[in-house]
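Novice: The task is simple: from the sequences and hints, build the whole structure.
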Amino acid sequence: MSEQDGVATQENGAMDEKNVFFTPFNVIAGGIVIVGLLLTILRFTKGLGTVTNLSNTQPWGLWIGFDLMCGVALAAGGYTTSAACYLFGMKQYHSAVRPAILTGFLGYATVLVSLLYDVGRPDRLIMAYPFIVQQGTTSLLFEVGLCVMLYLLVLFLEFSPIPLEWLGLRKARTIAVKLTIMLTIFGVVLSTLHQSSLGALFLIAPSKVHPLWYSPYIAVFFFVSSIIAGLSMVIFESSLSHRAFHSNMGKPYLEAHDPLVFGYAKAAALVLFGYFIIKLMGVAAGNHWTLLGTPYGIWFLVEVFGFVALPCLLFTIGFRDKNPGFIKSAAILSIIGIVLNRLNVSIITFNWQKPLSEKYIPSWMEVMLSIFMVTCLVLVFRFIVTRMPVFYDHPDFTNNH
Amino acid sequence: MENMMYTLQDYMLHTENTLYIIMGMSLIGMVWFWFFLTGNQEDE
Chain X
1 MSEQDGVATQ ENGAMDEKNV FFTPFNVIAG GIVIVGLLLT ILRFTKGLGT
51 VTNLSNTQPW GLWIGFDLMC GVALAAGGYT TSAACYLFGM KQYHSAVRPA
101 ILTGFLGYAT VLVSLLYDVG RPDRLIMAYP FIVQQGTTSL LFEVGLCVML
151 YLLVLFLEFS PIPLEWLGLR KARTIAVKLT IMLTIFGVVL STLHQSSLGA
201 LFLIAPSKVH PLWYSPYIAV FFFVSSIIAG LSMVIFESSL SHRAFHSNMG
251 KPYLEAHDPL VFGYAKAAAL VLFGYFIIKL MGVAAGNHWT LLGTPYGIWF
301 LVEVFGFVAL PCLLFTIGFR DKNPGFIKSA AILSIIGIVL NRLNVSIITF
351 NWQKPLSEKY IPSWMEVMLS IFMVTCLVLV FRFIVTRMPV FYDHPDFTNN
401 H
Chain H
1 MENMMYTLQD YMLHTENTLY IIMGMSLIGM VWFWFFLTGN QEDE
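The listed protein sequences derive, respectively, from chains X and H.
Counting from 1, one number per residue, gives the positions in the first sequence under my numbering.
Counting from 1, one number per residue, gives the positions in the second sequence under my numbering.
Where hints are given, some of them may not hold.
[Claimed, not checked] Some chain X residues judged to face chain H by a derived CB distance under 7 Å, without partners named: (1) 273; (2) 277; (3) 285.
[Stated by the list, open to error] Computed footprint of chain X on chain H, listed as stretches where at least three residues anywhere in the stretch have a Cβ under 8 Å from a Cβ of chain X: (4) 6–17; (5) 21–34.
Think of the hints as simulated: they come from the structure by calculation, not from any bench.
For every residue, glycine included, the Cβ atom is placed at its ideal position computed from N, Cα and C.
Specialist: In structure tokens form, the structure reads like this:
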């Protein structure tokens, strides 16, 4: 090879590296991260009023309605999958545990970071002020905060075998694995508590939440729908990962994908059917049938039939006919449905008696910071799964789970 | 006018009646749904 050819090859190599780095995804994600960081500086130097449209009438906005409410619900895949595998003995779903735990851990971490943006005194949250100095033990928010904090710790410990295997810390990894069953039980208890309490928070505002969404059973609605969100997220995330990180997946993970999707679809169909019934019972218990004819009522019917009944039907047909396409569409619809439900309760129908001109509409900066959070989550997820043994068994620890 | 509810007793009776009917239908519906969902599995 001549010197000229060598130089040309080096240049091509550098060009390839450049092309690998400057992919459309990386460029868009990089742009979002830069804007997000600038807005973060603005938020923490100029205060909440500069970047948000929040007011005393609407102190909870997009960061609570989307980042927190939806984030917690969509991260429920962690406890549903680990409970199915370790507590109910469904070992065929073992390959889904690590990705689900990772998604759950990153989801809850994002929730916590979003909360730091949203509260007026983030320094007090970091110093655990509400838990050490001034405990509001009669408040549901205290329970939610404590559960989320403890569950984040549980998820971190459940996630810890992955980086410990990566780092080759055998002894620490053995201790972490031995804690699995205890952590799973703890995780299920904590999740049951705070998933339902997130809904129960709205019991304090019966006149502000629209009667079709408000119910004395709202805590049950939130808990049951979180199971749907968890199952749908595992299906969605595993299908997406199957495509994006196919080369990082081991043989057992690839083989377990289809049975996992069908098994979760069956479970999701059943839970959605139950959720549809309890939503119906919510309307009956309040005798709100006449409200179904109003614009808000039609919106409620869109949510219940379009994002509960329809995905239930698609999951059922998908499972019966073994049709992954139907199941994936149903999972996406369910996820949109849960997001819509949380936004309906906390933002869209909140203060429903006020005219539109007085209602809260998030500023572009709030929306941008929410997108920034989700982008950071995806980037960290990608960083971990391309380096650590999430979708494959570490060669040193095969058959050692 | 005969459908008007004047007392809490009227309201509770009406809503509880509706709830119990929905509950009964749901229990039957759940059994039907289970058989429909798992129907193809038996063939395999």
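Novice: Now tell me if each hint is right for this structure.
Specialist: Here is how each hint holds up against the structure:
For residue 273/X, the shortest C-beta to C-beta distance to chain H is roughly 5 Å, which falls under 7 Å, so the interface hint holds. At about 5 Å, the closest approach between the beta carbon of residue 277/X and any beta carbon in chain H falls short of 7 Å, and the interface hint on this residue holds. The closest approach between the C-beta of residue 285/X and any C-beta of chain H is roughly 6 Å, which is under the 7 Å cut-off, so the hint is satisfied. Residue count for the stretch 6–17 of chain H with a Cβ under 8 Å from a Cβ of chain X: 3. That meets the three needed, and the coverage hint holds.
For the stretch 21–34 of chain H, the proposed coverage by chain X is satisfied: 7 residues have a C-beta within less than 8 Å of a C-beta in that chain, meeting the threshold of three.
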